[in-house]
Amino acid sequence: MLGFGVDRLQADINRLLTSLFHQGVLDEQFLQLQQLQDETSPTFVYDVINIYFDESEKLLRSLRLLLMDREFSDYKKIGLHLNQLVGSSSSIGARRVRNVCVAFRSASELNNRPGCLRGLEIVEHEYHYLKNMMHELFQLEQQRLLAAGVRYPM
Amino acid sequence: MTLAESKLTALVVDDNFVNQTMHHKLLDRLGIRNDVVCNGQEAVDVHCSGRNYDLILMDMEMPILNSIQATKRLREMGIESKIAGVTTRANEGDKKEFMEAGLNDFREKPLTISKLLSILHRLDFYAQT
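Residue numbers (the working numbering), protein chains in the order written: chain Y, 4 to 157; chain B, -9 to 119.
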């Protein structure tokens, strides 16, 4: 009976992950990330994803500041920021974020300001969707751990 | 082929904290002791301090002495470590320029355990048993 909560939560986690893979939000690289979690780093996935959130939000803020400047012309800097976002997004398996960053980067290489503004909106949208989904995943994981803890008290 | 116990050392050169963390862990998982630096200049500096590594994983897109300049500088210093470039871009022009700078291998990100094993195999780091 006590195990039922754990099983249900695990099923919810599996369902959420399946959905995210199916939508293309995540790709197989996320599985690689999960495989790196072990007893020496039991919160590795959580830690790396949070590093990703911190770094990405700094980059997105910087991109918005650059593009909102009327005198803006530094497309090279936009490109450098986007290289970072493409690299880190691909490393954690954030496929849709990575892909929209690549499209945004193409606009910056053409010095296309309207294209860059549109690209930024799309990246911000995809990023926030990913962040919300990851928070939901972590909440379910937390609940599952607590439920498992209740089942096997120390 | 089986893996011998690794006594290899590696240097991760990447300005992105997520990638640094991932690549460090990937190497740890394969039993490869590794250090991490943030850019090409730090990669050169760490070698100037006397450290040496069997393998250098060099991110292609970095500020402060980019990877091509850093690779050339390391080769000019006589560093014979195997250098594998990693990049988010995989066009042939970039690859050619990078290889001509002195790389031994070149891979598109993201790095995975299997890509890393493939790099190690290609660079003859594991002995056949």
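These aren't lab readings, by the way, just hints derived from the structure by calculation. Note that the structure is a prediction, hence the values are computed from the model and not measured. Quick reminder that beta carbons are idealized off the backbone N, C-alpha and C, glycines included. Among the hints, a few may not be true.
[What the hints assert, rightly or not] The list that follows gives simulated cross-link-like pairs (lysine to any residue, SDA-like), each with its CA atoms no further than 25 Å apart:
{"hint": "1", "chain 1": "B", "residue 1": "15", "chain 2": "Y", "residue 2": "145"}
{"hint": "2", "chain 1": "B", "residue 1": "86", "chain 2": "B", "residue 2": "21"}
{"hint": "3", "chain 1": "Y", "residue 1": "80", "chain 2": "B", "residue 2": "15"}
{"hint": "4", "chain 1": "Y", "residue 1": "79", "chain 2": "B", "residue 2": "105"}
{"hint": "5", "chain 1": "Y", "residue 1": "79", "chain 2": "B", "residue 2": "114"}
{"hint": "6", "chain 1": "B", "residue 1": "105", "chain 2": "Y", "residue 2": "124"}
{"hint": "7", "chain 1": "Y", "residue 1": "134", "chain 2": "B", "residue 2": "7"}
{"hint": "8", "chain 1": "Y", "residue 1": "61", "chain 2": "B", "residue 2": "72"}
{"hint": "9", "chain 1": "B", "residue 1": "62", "chain 2": "Y", "residue 2": "57"}
{"hint": "10", "chain 1": "Y", "residue 1": "79", "chain 2": "B", "residue 2": "97"}
{"hint": "11", "chain 1": "Y", "residue 1": "80", "chain 2": "Y", "residue 2": "70"}
{"hint": "12", "chain 1": "B", "residue 1": "86", "chain 2": "B", "residue 2": "114"}
{"hint": "13", "chain 1": "B", "residue 1": "105", "chain 2": "Y", "residue 2": "39"}
{"hint": "14", "chain 1": "B", "residue 1": "15", "chain 2": "Y", "residue 2": "58"}
{"hint": "15", "chain 1": "B", "residue 1": "15", "chain 2": "Y", "residue 2": "68"}
{"hint": "16", "chain 1": "B", "residue 1": "105", "chain 2": "B", "residue 2": "92"}
{"hint": "17", "chain 1": "Y", "residue 1": "80", "chain 2": "B", "residue 2": "85"}
{"hint": "18", "chain 1": "B", "residue 1": "105", "chain 2": "Y", "residue 2": "46"}
{"hint": "19", "chain 1": "B", "residue 1": "105", "chain 2": "Y", "residue 2": "31"}
{"hint": "20", "chain 1": "B", "residue 1": "105", "chain 2": "Y", "residue 2": "70"}
{"hint": "21", "chain 1": "Y", "residue 1": "79", "chain 2": "B", "residue 2": "62"}
{"hint": "22", "chain 1": "Y", "residue 1": "61", "chain 2": "Y", "residue 2": "42"}
{"hint": "23", "chain 1": "B", "residue 1": "85", "chain 2": "Y", "residue 2": "102"}
{"hint": "24", "chain 1": "B", "residue 1": "-3", "chain 2": "Y", "residue 2": "147"}
{"hint": "25", "chain 1": "B", "residue 1": "-3", "chain 2": "B", "residue 2": "115"}
[What the hints assert, rightly or not] Beta-carbon label-pair distances, calculated as ranges:
{"hint": "26", "chain 1": "B", "residue 1": "82", "chain 2": "Y", "residue 2": "128", "range": "28 to 38 Å"}
{"hint": "27", "chain 1": "Y", "residue 1": "37", "chain 2": "B", "residue 2": "98", "range": "32 to 42 Å"}
{"hint": "28", "chain 1": "B", "residue 1": "113", "chain 2": "Y", "residue 2": "49", "range": "42 to 52 Å"}
{"hint": "29", "chain 1": "B", "residue 1": "35", "chain 2": "Y", "residue 2": "114", "range": "17 to 27 Å"}
{"hint": "30", "chain 1": "Y", "residue 1": "15", "chain 2": "B", "residue 2": "90", "range": "46 to 56 Å"}
{"hint": "31", "chain 1": "B", "residue 1": "114", "chain 2": "Y", "residue 2": "71", "range": "24 to 34 Å"}
Each hint tested on the structure:
no.: 1; hint: 15(B) <-> 145(Y); verdict: holds (23 Å)
no.: 2; hint: 86(B) <-> 21(B); verdict: violated (31 Å)
no.: 3; hint: 80(Y) <-> 15(B); verdict: violated (29 Å)
no.: 4; hint: 79(Y) <-> 105(B); verdict: violated (30 Å)
no.: 5; hint: 79(Y) <-> 114(B); verdict: violated (38 Å)
no.: 6; hint: 105(B) <-> 124(Y); verdict: violated (33 Å)
no.: 7; hint: 134(Y) <-> 7(B); verdict: holds (18 Å)
no.: 8; hint: 61(Y) <-> 72(B); verdict: violated (34 Å)
no.: 9; hint: 62(B) <-> 57(Y); verdict: violated (33 Å)
no.: 10; hint: 79(Y) <-> 97(B); verdict: holds (24 Å)
no.: 11; hint: 80(Y) <-> 70(Y); verdict: holds (11 Å)
no.: 12; hint: 86(B) <-> 114(B); verdict: holds (22 Å)
no.: 13; hint: 105(B) <-> 39(Y); verdict: holds (14 Å)
no.: 14; hint: 15(B) <-> 58(Y); verdict: holds (19 Å)
no.: 15; hint: 15(B) <-> 68(Y); verdict: violated (34 Å)
no.: 16; hint: 105(B) <-> 92(B); verdict: holds (20 Å)
no.: 17; hint: 80(Y) <-> 85(B); verdict: holds (22 Å)
no.: 18; hint: 105(B) <-> 46(Y); verdict: holds (24 Å)
no.: 19; hint: 105(B) <-> 31(Y); verdict: holds (14 Å)
no.: 20; hint: 105(B) <-> 70(Y); verdict: violated (37 Å)
no.: 21; hint: 79(Y) <-> 62(B); verdict: holds (23 Å)
no.: 22; hint: 61(Y) <-> 42(Y); verdict: violated (31 Å)
no.: 23; hint: 85(B) <-> 102(Y); verdict: holds (21 Å)
no.: 24; hint: -3(B) <-> 147(Y); verdict: violated (39 Å)
no.: 25; hint: -3(B) <-> 115(B); verdict: holds (10 Å)
no.: 26; hint: 82(B) <-> 128(Y): 28 to 38 Å; verdict: holds (33 Å)
no.: 27; hint: 37(Y) <-> 98(B): 32 to 42 Å; verdict: violated (21 Å)
no.: 28; hint: 113(B) <-> 49(Y): 42 to 52 Å; verdict: violated (33 Å)
no.: 29; hint: 35(B) <-> 114(Y): 17 to 27 Å; verdict: violated (35 Å)
no.: 30; hint: 15(Y) <-> 90(B): 46 to 56 Å; verdict: holds (52 Å)
no.: 31; hint: 114(B) <-> 71(Y): 24 to 34 Å; verdict: violated (52 Å)
Checked against the numbered hints above, the structure violates hints 2, 3, 4, 5, 6, 8, 9, 15, 20, 22, 24, 27, 28, 29, 31; every other hint is satisfied.
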